[in-house]
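Trainee: Listed here are the chains, written in short residue letters.
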Amino acid sequence: MDMAAAKMIGAGLAMFALLGVGIGLGNIFSSLISSIARNPSAKNDIFPIGMIGFALTESIALLAFVVAMIILFK
Amino acid sequence: MIELHPLHQFTVRPLIPITVGGWDISFTNSALFMVLTTLLIIVVGLVSVRSRALVPTRLQAATELLYEFIADMVKTNIGNKGREYTPYIFSLFLFILFGNCLGMIPYGFTFTSHLIVTFALAGIVLTVVTIIGFKRHGLHFFRLFYPKGAPIYITPLLIPVEILSYLSRVVSLSVRLFANMTAGHAMLKIFSSFVVILAGSFLLPLAILPFFISVAVTGFEFLVALLQAYVFTILTCIYLNDAINLH
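So the sequence lines, in the order shown, correspond to chains A and B. According to numbering that gives the first Met the number 0, the first sequence is numbered sequentially starting from 0. According to numbering that gives the first Met the number 0, the second sequence is numbered sequentially starting from 0.
Hint data in this document are derived by calculation from the structure and do not stem from the laboratory. These figures come from a predicted structure and were not determined experimentally. There are no misleading hints in this set.
Here are some of the chain A residues that sit facing chain B, going by a computed Cβ distance under 7 Å:
| id | residue |
| --- | --- |
| 1 | Ile51 |
| 2 | Ala54 |
| 3 | Val65 |
| 4 | Phe72 |
Backbone N, C-alpha and C fix where the C-beta goes; we use that ideal spot for every residue, glycine too.
Go ahead and model the full structure; you've got the sequences and the hints to work with.
Mentor: Laid out in structure tokens, this is it:
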């Protein structure tokens, strides 16, 4: 197979990691919304933890992106 | 031909070539933006509190808000024993925040988009946290790797895993910041190149679509710049808390 074609296929396959990340992000924000709905006064305490969770989960997505960039452009 | 490659914006170019005995220590565009970040932080900090009014003006109130945000973060996460490390956390937060935001200016360079820079920042965090832990607790610091209440027979498996996860904090901190910055700016470059490519062909009216997406992604990138600085800082506070109050 052509090297450039193999690189494209590899980069596309690396993006399968985003499946788990999408589910994880949905979990975080669903529990954030339902906990704020139960107890609206807890918003200022829980929201920073939600943001930390979002950033940590997003970093897994970016690891997949970095692998795809390495495959495509190295 | 316009430069359209998404990763070429991250090349480090020497602006003032300086060579000392075979070592290349040129003043690069990365170093220029680090100097600009530091100067901006110092100037904003000094000018805003110059009048030292008891009832603060708007700029002074904004700077006090920034300081109280960090002081509150340190007090919540580490407690009173950690108050003396507030200047370090403050400098770390403002350096990453202003650095990320200066990179959002067109033709600006994001120095946090290089793994070596974020690795240096995370390496300093690990070194500082380990030295503080040893200084406060002596050899008792190794109690950190043995969680209380674990059965004794699991220890040969648990201790190496705990040590490995402690050392991998450097990797996770640095790669998170680096990957967020690089991916964000590469995505911006890709969508803008879509606009240029579509505008140059017969599909000119369609070029407005990637333009709207570029606008939305730029807004998202500002949010990510703030959020990544906040996450780096709060994880540093949590690691400091682990070292100072051993669990």
